[in-house]
Amino acid sequence: MHTEYFAWGLKMTVIGMGLVFCMLGVLWALLTVILALDKPDEEEEEAPAASEASEEEAAPASQSASAGLPADLVSAIAIAVTKHAAALQGGGASIVRTTWSGQQSNWVAAGRSRQTNTWTPRGK
Amino acid sequence: MVDQETLALLLRGLGAITWQSCVMLLVSFALFYLAIVKDYEPLLLLPIGAGCMLANLPLSPMMDDHGMLKILYNMGVENELFPLFIFIGIGALTDFGPLLENPKFVLLGAAGQFGIFLVLLAALLLGFNQKEAVSIGIIGAIDGPTSIYVSGLLAPHMLGPITVAAYSYMSLVPIIMPPCIYAITTKHERTIQMEYSSRKISRFTRISFPILVTVVVGSFVPFATPLIGTLMLGNLMKESGAVERLCNASSNEIANTVTLFLGLAIGSTMGGEKFIKMDTLFILGLGLGAFVLDCLTGVTFAKILNVITGGKVNPIIGAAGISAFPMAARVCQRVAQEEDFENFLLMHAMGANAAGQVASVVAGGVVLALMGTA
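Chains A and B are the protein sequences, given in the same order.
Numbered per the numbering used here, the first sequence finishes at 126, counting up by one with no gaps.
Numbered per the numbering used here, the second sequence finishes at 385, counting up by one with no gaps.
Just so you know, these hints were derived from the structure itself, not from any lab.
Mixed in with the good hints, there may be bad ones.
27 Å max Cα-Cα, derived BS3-like pairs, lysine-lysine [unchecked claim]:
no., chain 1, residue 1, chain 2, residue 2
1, B, K115, B, K323
2, B, K115, B, K211
3, B, K49, B, K115
4, A, K13, B, K142
5, B, K323, B, K211
6, B, K211, A, K13
As the structure is a prediction and not an experimental result, all values here were calculated from the model.
From just these sequences and the hints, can you work out the full model?
So this is what it looks like as structure tokens:
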């Protein structure tokens, strides 16, 4: 009786896991197709956003580009501007704002770190 | 003076106390302890403990045909309504974004279901019949509502211990999972860093996902339709943003109310004479085995992926391919950081964990389909 049941169980295991993998494989394929179809819109959305950002944040770079400066010089200026912003952030006292858009404040970083570390049940 | 008959009536309750009911009262106190002091799944273990206590008090009128606990059981457990309501709430609370960013991790969710079938075999060897073995195996889905749904259909007499095991082990993820990971991974494997590129998922894709999953899974495995349909309904309400009030109600008021009713009804099935059996110990032991096997097979599958991809997959995330969302992913991140503080696997693990959520529901539907039970 046990042998018969066990054989049935083995059949269940093979067919069951096979079906689970097949179902999720089909799902994977469909998701990949959907994400691939979705890509063009994503690029379209990113393009204007990128151009806006370049107008707002990298004004010196675009002006330089219009002035015919070489690309590596423009890159160097962009890096210098970024580093300057980082230095200002470290200064703290000289400015009111301690974080810049797109960067994570120490408070937010600490909070997120704590979120990932609170897995131990309370009372342990 | 009180006559003998009146005295007998007054003491009828005390006279009906049995040693089984005393043991079950102690079990209910243990559940209260776990819920209140240890904070292990308190939302469910506390009502289950209360249901268990109320059902085991002598001559409890709450267990009569018109008693509250019996009515709750008939209202939502016997006909499988409560687990489905809870699934709507879970869907409304779950973010499948990490899975959509890395669709290939869907397979890790599938690998995390091996425990169901391996424990099914073990249960058969221990002498359980086929329906009971499948019900015990489904604890390996590490998903409370799925366990309740499947075992309610196949082996309602085992609903109490199966539910307690499923929810207890879900809450013990941080304790059970790390040793399993350490047991079969090397230090080198645990320190593998995985590149993460945040991918913008459009609203269209987020809305399409629940619809697509429901249609595909429902078409291929009709028995899974109640489970996947309600889970994805909740997610569709969340992602569409069109029915914020319904979404809030599903994930708060409805889910909370149903959780209370479900807990009380499940607790009421833990009557001493039915619960105190050797089978209960087997169920608890096999449930633990299912969970451990899920972790081990998930990590092993991730190791295989690591070899196939040339060392780009950290095997730790394989353990997250179960349904305990998002606890399993957070534990994986914790284990990775214990080896290398700058290793951030959280989003990859969340992808595998979201896949585990879908895969456990699919596995539940598959076993019901194979058993020919709707």
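Each hint tested on the structure:
no., hint, result
1, K115(B) x K323(B), "holds, 13 Å"
2, K115(B) x K211(B), "holds, 16 Å"
3, K49(B) x K115(B), "violated, 36 Å"
4, K13(A) x K142(B), "holds, 15 Å"
5, K323(B) x K211(B), "holds, 22 Å"
6, K211(B) x K13(A), "violated, 42 Å"
Checked against the numbered hints given earlier, this structure breaks hints 3, 6; the rest are met.
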